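S.K.: Chain by chain, the residues:
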Amino acid sequence: MKKVSDILARKGSHIISVLPNATVLETLKIMADQNIGSVMVMEGNVFLGVITERDYCRKVVLNGRSSTDTQVGEIMSTGFPRIVPSDTIEYCMQALSESNIRYLPVFNADEVCGIISINDVVRETISSQQETITHLKDYLHTNM
Amino acid sequence: MRTVDDIIGSKPNPDNLISPDALVIEALEMLNTVNLSYLIVMEGNEYQGIFCERDYSRNVILKGRSSSSTKVKEVMTTDLPVVHTNDTVEHCMHAMNINKARYLVAFGPDNEFEGVITIHDLLRQVIANKELVFDTSVAEQLINNDERGDVY
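Sequences listed follow chains X and U, in order.
Take the first sequence: its letters are residues 0 to 143, numbered as in numbering that gives the first Met the number 0.
Take the second sequence: its letters are residues 0 to 151, numbered as in numbering that gives the first Met the number 0.
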């Protein structure tokens, strides 16, 4: 059973983060440069939330704000389900689906140690399925 | 084996349609109202593309545009990977993975537009029907037959 730690081992646990007083515009540039859809909001080692494309779409212009005068701390997402490296991929699928979210921050003893996305979960599901089939085919060829 | 047809059939009729000439600000309001991440851009009955949260995040302010004066057609996505109604859910997952996409556009046998498939749709299928999504015939052969060829 594949775990969150398998995903982090493959993609790395490098965390891209901004301070809560970073502007939305600065953060959009980081997202575009890194080709990502979310950035963690941290103050030192303390995880505060995640700012996502959805936060930008729903909470800036529609609320009469602009991306240059809004800080990410004002619009970021919080309240994520707590995921740890030993959680299974299946558990993550349920968490993503139930909360209708695309990102899950991963915690190790209260410190954030990475973030996984819905794309990571799909990729891991496919590759784990392929590995199972490869192993089974190898077994069949050697034993029959 | 679950297919694109099953996914489209399990979704309600789309209420997230928008014209290519609508303004981005109108599209944002609709995204908020329907609470989705994308809108299907239609010119009459013709599928044109989708407008999604990423299009807004990458193609408006970072390119010197404004949501109140930019039309959806200037920033929408038009090159979604294509799947057909008989394709399997597993095929869809591969298509999304290889193309690094979160959406697929589905067409029927006569190339008529059927709908848009999201990564959440696929996840729901996997959660509900894992054994029907992935080809487990190899695993079943192993489980049901021992080395002598007896069936259990």
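By construction, these hints were calculated from the structure, which means they are not laboratory data.
Check before you lean on any hint, since a few could be wrong.
If you want the footprint, here are the derived chain X segments under chain U, 3+ residues with CB under 8 Å [stated by the list, open to error]:
{"hint": "1", "stretch": "25 to 37"}
{"hint": "2", "stretch": "58 to 71"}
Beta-carbon label-pair distances, calculated as ranges [stated by the list, open to error]:
{"hint": "3", "chain 1": "X", "residue 1": "N62", "chain 2": "U", "residue 2": "K70", "range": "42 to 52 Å"}
{"hint": "4", "chain 1": "X", "residue 1": "K136", "chain 2": "U", "residue 2": "N96", "range": "36 to 46 Å"}
{"hint": "5", "chain 1": "U", "residue 1": "P11", "chain 2": "X", "residue 2": "G78", "range": "19 to 29 Å"}
{"hint": "6", "chain 1": "X", "residue 1": "T22", "chain 2": "U", "residue 2": "N128", "range": "43 to 53 Å"}
Predicted model, so just to flag it, every value in this text is computed and none were measured.
From the three backbone atoms N, C-alpha and C, an ideal C-beta is built for every residue, glycine too.
S.K.: For each hint, tell me whether it holds in the structure or not.
M.R.: Structure-based check of each hint:
no.	hint	in the structure
1	25 to 37	holds (count 5)
2	58 to 71	holds (count 3)
3	X:N62 with U:K70: 42 to 52 Å	violated, 22 Å
4	X:K136 with U:N96: 36 to 46 Å	violated, 21 Å
5	U:P11 with X:G78: 19 to 29 Å	holds, 27 Å
6	X:T22 with U:N128: 43 to 53 Å	holds, 44 Å
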